[in-house]
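The lines below spell out each chain.
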Amino acid sequence: MDAIVIENLHKTFRLSHERHGSLKSLALSFSRRTHDYVHALNGISFTVPEGETLAVVGKNGSGKSTLLSTMARVYKPTSGTVTMNGRVSALLALGAGFHTELTGIENVYLNGSILGMSRREIDKCFNQIVSFAELEEFIDAPLRTYSSGMVMRLGFSVAIQVRPDILLVDEVLAVGDEQFQRKCYEKVRELQSEGKTILFVSHDLKAVSDVATRAMWLDSGEIRADGDVQTVLGKYVENTTAGDESPAAPAL
Amino acid sequence: MLKEFAELLRYRELLYNLVVRDLKVRYKNSVLGFFWSLLNPLLQVATITIVFKFILKLGVPNYSAYLLCAFLPWTFFQMSVMDSAMSVLFHGDLVKKTYFPREILPASIVLSNLIHFILALGVFFVYLLVIGTPIQVTWLVLPAIVFIQLLLNMGIAFFVSCLNVFYDDVKYMATVILNLFYFALPIMYMVEHVFHSDRIPHSLAVVLYYLNPLSLLLIAYRKILLPPFNTATIHDIPLDYRYLALAALTSFVIFLAGYAFFNSRKWTFAERV
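As you go down the protein sequences, you meet chains A and B in turn. With this note's numbering, the residue at position 162 of the first sequence is 165, and numbering never jumps. With this note's numbering, the residue at position 55 of the second sequence is 81, and numbering never jumps.
One thing to keep in mind: the hints can contain errors.
Said to hold, decoys possible - Here are the computed lysine to aspartate or glutamate pairs in the EDC-like style, where the Cα-Cα straight-line distance is at most 16 Å:
no.: 1; chain 1: A; residue 1: K62; chain 2: A; residue 2: E181
no.: 2; chain 1: A; residue 1: K186; chain 2: A; residue 2: E137
no.: 3; chain 1: A; residue 1: K79; chain 2: A; residue 2: E104
no.: 4; chain 1: A; residue 1: K62; chain 2: A; residue 2: E225
no.: 5; chain 1: B; residue 1: K50; chain 2: A; residue 2: D143
no.: 6; chain 1: A; residue 1: K209; chain 2: A; residue 2: E181
no.: 7; chain 1: A; residue 1: K190; chain 2: A; residue 2: E137
no.: 8; chain 1: B; residue 1: K54; chain 2: A; residue 2: E104
no.: 9; chain 1: A; residue 1: K62; chain 2: A; residue 2: E174
no.: 10; chain 1: A; residue 1: K190; chain 2: A; residue 2: E225
no.: 11; chain 1: B; residue 1: K122; chain 2: B; residue 2: E297
no.: 12; chain 1: A; residue 1: K79; chain 2: B; residue 2: E297
no.: 13; chain 1: B; residue 1: K50; chain 2: A; residue 2: E104
no.: 14; chain 1: A; residue 1: K62; chain 2: A; residue 2: D207
no.: 15; chain 1: B; residue 1: K54; chain 2: A; residue 2: D143
no.: 16; chain 1: B; residue 1: K197; chain 2: B; residue 2: D109
no.: 17; chain 1: A; residue 1: K79; chain 2: B; residue 2: D109
no.: 18; chain 1: A; residue 1: K186; chain 2: A; residue 2: D213
Said to hold, decoys possible - If you only want the chain B side, here are some residues facing chain A, beta carbon under 8 Å, derived:
no.: 19; residue: L40
no.: 20; residue: N43
no.: 21; residue: K79
no.: 22; residue: K83
What the hints contain is simulated information worked out from the structure, not anything from laboratory work. Small disclaimer: the values here were computed from a predicted structure and weren't measured. Each residue gets a CB set at the ideal place from its N, CA and C atoms; glycine is no exception.
So that you can see chain B by itself, here it is in the shape it has in the complex (with noise of 0.2 Å):
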């Protein structure tokens, strides 16, 4: 695997071409151009906002920031294993007719998309200075949050990628989990909320939400960037950092098996694409 990792590095200014490519060719012939990465996510607190605030009226503050902090980490991993999905068979000219480290392909789309994730954070940050949250010290933990999510997402793209050269079903199946996860993990609601249901035994809720780490990643955007969230039923449940790590462990588990997986076919793809 080194040795994949270091002719990988040997190509990395076609890795950064495609990723420029990707970027400058989406948004090519709007008028708006780049600005359209940017309004999606103001567009989203806009709407959210205005859902929360005025008609479901949940009288929590702030509960838009609440929602965003996880919904725009969710769009990053949704994205990534959409797009990666098609990446190799959309890219069959080129693995037929040249030679390159295949894992490029989903590479650079899970990069293009990490730099939408990062544009719509800084949006995010604005936004939060707007309506005057309090500037957190584990904000400096950001960086590491957004490296394990990489690996996280990149593992899974490799997997997704490779497996839909074979069979047209892993696009579909993805798009199906992808609508289960959107509601099972904590997006539109806090991680209390689980943990302070009386029909959801603990056990459960923690192998769900602690042990997955998607779902530990999307709590912990919101612990390290937002206040605690306390209402007159629900109390702040801080961010346990142990877990932290071992989602950190098993992104980077998911990471190397789906290299390695990606590895072991992918001088088959010209052959099938």
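Here chain A stands alone, though its shape is the one from the complex (with noise of 0.2 Å):
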């Protein structure tokens, strides 16, 4: 069965140089209202088996994250449609609503229902969270007494936790030294031997040929290559680097 069917997906921006901050400034631009668009997805369509792991490739501004976020409901498509079986998680940004006076433990109870865990999964789960993170000795602590690695490490351990049938990531798994950013890839190791359906974007291209069972190239919101890991990053290498050097591109 097919874990995520996206179908003709457009994603489209409405771009204001300036936006309109008050009523005034709205008012005076009525009459020569002009807008630019910026076509972020253009007639996206792809479907994910379970239990595949595709990681989506591409530079900055090819609509990777677009993509995701759209996935996520943060964004409403413009066009088209995103069918996603089962439950959802997706980790955009680590530590969602963590704020600084709240105590590790608060955190973890208010981040782990923004994510959409019930008070009683938490409960369950509280134990795994705080020694995945290896914070046993701080979780009682405010937030605003940890390092910066400890947050990330704490919003990355209750991430996990959501036992999620589709985990949407997006480069979040750099987290943290080398020995922690070991256990969250045999976290997810683990989530794809349990049948998990992944999608990620990186840029860590070397993560990308570890983990990803399918790779995908998105290319100025639109697909240029899709399939096996090796023949698409082979062909976005190729291409980056050949981008860089070519005598056509216009001279900075």
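Both chains are sitting in their own frames, so use the hints and assemble them into the complex.
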């Protein structure tokens, strides 16, 4: 069965060079109202079967994050459909809703409920969260006393406990020191072996070839290549390096 | 709209957590902590009593009780509107990065202000018993009136928080209007003063003070919590419950309209904050 079905997805943003911050500027510009549109996604279609790990690569501004955000329901599609079969957990940012004045414990519950977990679910895996983050000694201290690495570790540990069928990850795996990163990737493998569907965006091509079972290359909101990881990465790398040396590229 | 409401119910735990966070964070680093919530109305009682007993010398017994009785729900309204105006912008990082029903943001603000209001009402009741106000059977109506005001506050909060995402002016406009309302509504004076004035036509007074749900609610708090207000020149005008029913209906309509308005725009917030 397909976990994710994307059909002819378009997402267009209205680009305001100067935001209408006031009614006055709105009224003044009413007569000559012109808008620039940014077509972040231009008719994307693909399906992801259950259990697959799909990596999305592409340059900055190619639409990767917009794609993920639309799948995470942060944006409504301009047109087209997004169908997600199963419980979705989106890690677009770690530690959403963390408050520096609250303790680690309070933040775990707050963050968990933002990610859609119930109090009882958090109760059940609370000890795992704390031990995975290696924060046993600090968990009852306010977050403002944490180092930024500790905050990220706590955010990741909560996020990974949401037992989703589909996990969307936006470049948040590169968290903490090397040892913690290894733990993160172990966790991802564990989810893979449980048959979860994972879609992640990364600039770390080594991580992509290590973890992904399929890769997709996005360019200007369109799919340039999709399929076998090594083939797609090969095309992507070839294009980016060729582009840099291309004589046709305008001199800066 | 029912679907939106069902989704909101699914996320009630987040709503609860945000209300608790708001209450906790507010006084986190203060020595007196939660007592600030009680201290504020207590100090208001003290100041108002001194002003009206010893300085203005109105000669009306317990005038400060009548003042506070409208002042506390007014504060509930004012804080709900002002705090919720910034609620979506303030949580821009959440809105940009996570999915949840957006109405939770203004709703949690109004609910945490409701809790402060209930605490203040508790202090107010102690004060009433101390000054020897007779217990009224109409006190039983209080929960209904608080609930009607909750609907009204929510409705306005939905409009203000949504519009403020697109226009910064809304926040400033709200400040100006609230300042005007403070004197235009029967807070510092009694509605009887208005109806006994020979310069304001009766029909105008009815429109301004009875058909406006906020004004009617402020009047209703006084009428049900305190004994009739009578002086040498002013005679008490009892509460007409038909107007209260109308205020309930208007508040409910404002709530629904605000919720619908908010819902129609809430998925564009992530593109604006």
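Now for the hints, and whether the structure bears them out:
1. K62/A x E181/A: violated, 25 Å
2. K186/A x E137/A: Judged against 16 Å, a Cα distance of about 11 Å means the pair holds.
3. K79/A x E104/A: Roughly 33 Å separates the two Cα atoms, so the pair is violated.
4. K62/A x E225/A: holds, 12 Å
5. K50/B x D143/A: Holds. K50/B to D143/A sits at ~15 Å (cutoff 16 Å).
6. K209/A x E181/A: Holds: K209/A and E181/A sit about 14 Å apart, inside 16 Å.
7. K190/A x E137/A: holds, 15 Å
8. K54/B x E104/A: Holds, at roughly 7 Å.
9. K62/A x E174/A: holds, 13 Å
10. K190/A x E225/A: violated, 31 Å
11. K122/B x E297/B: Holds, because 8 Å separates the two Cα atoms, which is no more than 16 Å.
12. K79/A x E297/B: The hint holds at about 10 Å.
13. K50/B x E104/A: holds, 9 Å
14. K62/A x D207/A: holds, 12 Å
15. K54/B x D143/A: holds, 14 Å
16. K197/B x D109/B: holds, 10 Å
17. K79/A x D109/B: Violated, at about 27 Å.
18. K186/A x D213/A: Cα-Cα ~14 Å, so holds.
19. L40: With Cβ-Cβ at 4 Å, under 8 Å, it holds.
20. N43: With a minimum Cβ separation of about 5 Å from chain A (threshold 8 Å), the hint on N43/B holds.
21. K79: With a minimum Cβ separation of about 40 Å from chain A (threshold 8 Å), the hint on K79/B is violated.
22. K83: For K83/B, the interface hint is violated, since the closest Cβ of chain A sits about 46 Å away, which is over 8 Å.
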